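Turn these sequences into a full structure, and let the hints guide you.
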Amino acid sequence: HKWKQMAIYEGRQSSSWEEISVMDERNTPMRTYQVCNVMEASQNNWLRTRHIARDGAQRVYIEIKFTLRDCNSLPGVPGTCKETFNMFYYESNNANLWFIKESQYIKIDTIAADESFTQVDVGDRVMKLNTEVRDISNLSKKGFYLAFQDLGACIALVSVRVFYKKCPLTVLNLAQFPDTVTGGDSALVEVRGLCVNASEEFEAPRMYCSADGGWLVPIGRCVCKPGYEEQKDFCQPCRPGSYKASATDAYCTKCPPHSSSHLERASECVCEKGFHRAETDPRSMACTRPPSAPENTISTVNETCVTLEWSPPRDTGGRGDITYSLRCRKCSGDDVKCAPCGSGVHFVPRQFGLSVAMVMVTDLQPHSNYSFTIESLNGVSDLSPTPRGAVMVNVTTSQTVSVVLKERRSKDSITLAWQGPDRPNGAIVEYEVIYYEKNQREQNYTVLKTRSNVMTVDGLKPGTTYVFRVRARTEGGYGRLLTSRSVSLLSSFASLSLSLSLSLSLFLSPIFPLSPPSLPSLCLSPVKLPGSKTYIHPHTYEDPNQAVRDFAKEIDASSIRIERVIGAGEFGEVCSGRLRLQGKREIYVAIKSLKAGYSDKQRRDFLSEASIMGQFDHPNIIRLEGVVTRCKPVMIITEFMENGSLDTFLKKHDGQFTVIQLVGMLRGIASGMKYLSDMSYVHRDLAARNILVNSNLVCKVSDFGLSRVLEDDPEAAYTTRGGKIPIRWTSPEAIAYRKFTSASDVWSYGIVMWEVVSYGERPYWEMSNQDVIKAIDEGYRLPAPMDCPVVLHQLMLDCWEKGRSERPKFGQIVTTLDKLIRNPARLRELANSSNKLLELNVYMGQYKENFSSAGYVTLDSVLYITISELIKMDVTLAGHQKKILSSVQSLQTQGTHVQV
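Just so you know, we're using the numbering used here here: the sequence shown kicks off at 2 and counts up by one.
Hints in this document: simulated from the structure, not taken from any laboratory. Note that the structure is a prediction, hence the values are computed from the model and not measured. Among the hints, a few may not be true.
[Stated by the list, open to error] Distance condition first, Cα-Cα at most 25 Å in a straight line; then the derived BS3-like pairs of lysine-lysine:
| hint | residue 1 | residue 2 |
| --- | --- | --- |
| 1 | Lys274 | Lys255 |
| 2 | Lys740 | Lys810 |
| 3 | Lys596 | Lys633 |
| 4 | Lys849 | Lys883 |
| 5 | Lys602 | Lys725 |
The structure is reproduced here in structure tokens:
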């Protein structure tokens, strides 16, 4: 910078600073400004720069290098000699100021030398150069002037460097951040980054430029667009033969089978000719084609009913979503003129979109010819221009013996009843009934004969599936054999399975060839006389790993995509993600992972939950998808429940559901517990926190970890007999004697009912565990929650009967709730006002000091309280506000006056 030298004293200017050339230690000439008027008193010598533009900087730094003479080395100088000088600045938008008043300058600092020199030093050519750095902050005008004031020192200014700091241009997380000037007063400057080539914002990229010129706190990032993958600080196009479908995918991947990409930057691969990709198929899925025709079609005619069964197509087209559709045509005698069957013909279970390779067609005309076309379809059949894979079956209806299950007298016998043909070839002499165990088939069958059209078969084995066949005999011989296959007719005998606890399945099964005499022609149901499926404890296995193999499906880790952490479990993180199995649609799943450094026991305990869960199959029990045990981390994969745990979900939606919706939730939980009870499984920690809720408000029982049940629950408390028990949910006998049964689960279910109706309130509120145990032993039971129907509270009280045998079974609970759902009028009667009073006292008790401080000490004074007054008293929870005001309103109408 060019300098303007001047001296200012009482408005007069004179030159005191001199521009002098000197030699440095390397004998290189350098220019300096010097002043050394130490022999004269009252010095005030000024030197200033020309205007310095700040270039947007709010904070600038001034580095000065100078020498300063030691006053003691100057003989005869007066006491006014100085060894310091002052540095000033003046901000201005005017770049051409000639004169600036001394009073207008702002002082930066008084500068002192770290080292001064003497005459001897000069003689020895030792230059004791001092370097000092000062800064100016919060500059706002176009520029500034620097000035140096000498008050009587011997100084030489060697150099003055004015600079500012900035954060340099950088690329981070695919976002470019420009050169950024630092802020003033050490403030951080927030900078928005710009996504680099072929990338887009995933989350707005930001960083902060610090006062010392460094980048701090990176936030957000950019991701490469579809068709590009990240390569250090830029996005590179996918090469031919690869693709990237989503910006959130990290890298390009090879095209899936039967597809290709011939150009760069492919976001998906194009299917080969004859192959297709459905709208809902992920881009990573192989291209597929329509299936071939069904094979091995078999038809069975039973009077005006035809059963059609077939084998799946040999070529599925590479997909697992095979369905079948049928077209029916009725033909004239010469089989030339055929017309659609019309709406009078019915297909069981349906005509289109069949998922099983079997259908029964009813209500056909007798003695008529029909032609059925069976098409096999998959998700891309509608995209293919080629004809669909189809097979044609021609049948002729007739009239034969039909059999109907009528009753069953005991668990090991079945009564069959049937009706003979309308037009037999001669009088019926007798009927022949043949039956055999389904798995035995022709190796071991029994033949029974009767002239009646009713027969009782005794001595059957419970838990065994049987097939029955019946045919009629006239003088002309037995009826002709019919080729037949199986079809379910469950609705024909649903009432039997309810009243007699027998699960029946009615089938038309294939005939098997035997040497004469021929076996009967008409096949009936394989009838299963069920035993009870029993839960098998994993610890009964000598090798616990075998239990995992028996009950849990092993999943390849590559089929799982973890997306985000949703919580932490006892053994490690719990995440949500997606599971894509071969031939199946991608589904959301929850993923429990075993943290690193686990012991063999921890691994066994972790996988024991999968060994238990894998034995259950019920819509109200959390479903196990599988496990990952062949690589690390070890994982348990279950269905994903969007709404999380029931207690948290209810608190979040306090008061937002109808009573019927709450009863529906309770019915689902009871149904799941009935299933577990029927399997002889005791849960031992049934609570709302261990119930999960999906997006359809379906509640499912979860949390089957063996080591966790009694040891690591946060609600647990030590008992005198060792271990931990969740006191507030546990029955008295389980607390006292550790006697856990389905009856103790029923007690816990009553607590869950109370949690649901109260929208997640803590059972027994702030009572200690010991107080809860004592109160229950003395006969205390939780009162009805706010707006609780009388029938629901009575069911809770039934569940809390002290005697185990007096509590209802889960099956009875399900029946009771079903009746309430069918007759919701019974839910209208709410619990009495004494419960309202009790609840009001409970909620006010939580805010006792708040109410007292505000002057509310009697119930009378509370009866006309408003929500604004509650807020002033720090009663801010919406649920508590609503319940206090609802109780108050109820009590207002009844004129209840009680001391709080």
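Status of the hints after comparison with the structure:
1. Lys274 with Lys255: OK: Lys274 and Lys255 at ~19 Å, within 25 Å.
2. Lys740 with Lys810: It holds: about 17 Å lies between the C-alpha atoms, which stays within 25 Å.
3. Lys596 with Lys633: holds (9 Å)
4. Lys849 with Lys883: With Cα atoms ~17 Å apart, Lys849 and Lys883 stay inside 25 Å; holds.
5. Lys602 with Lys725: holds (20 Å)
Consistency with the previously given hints is maintained throughout, with no hint failing.
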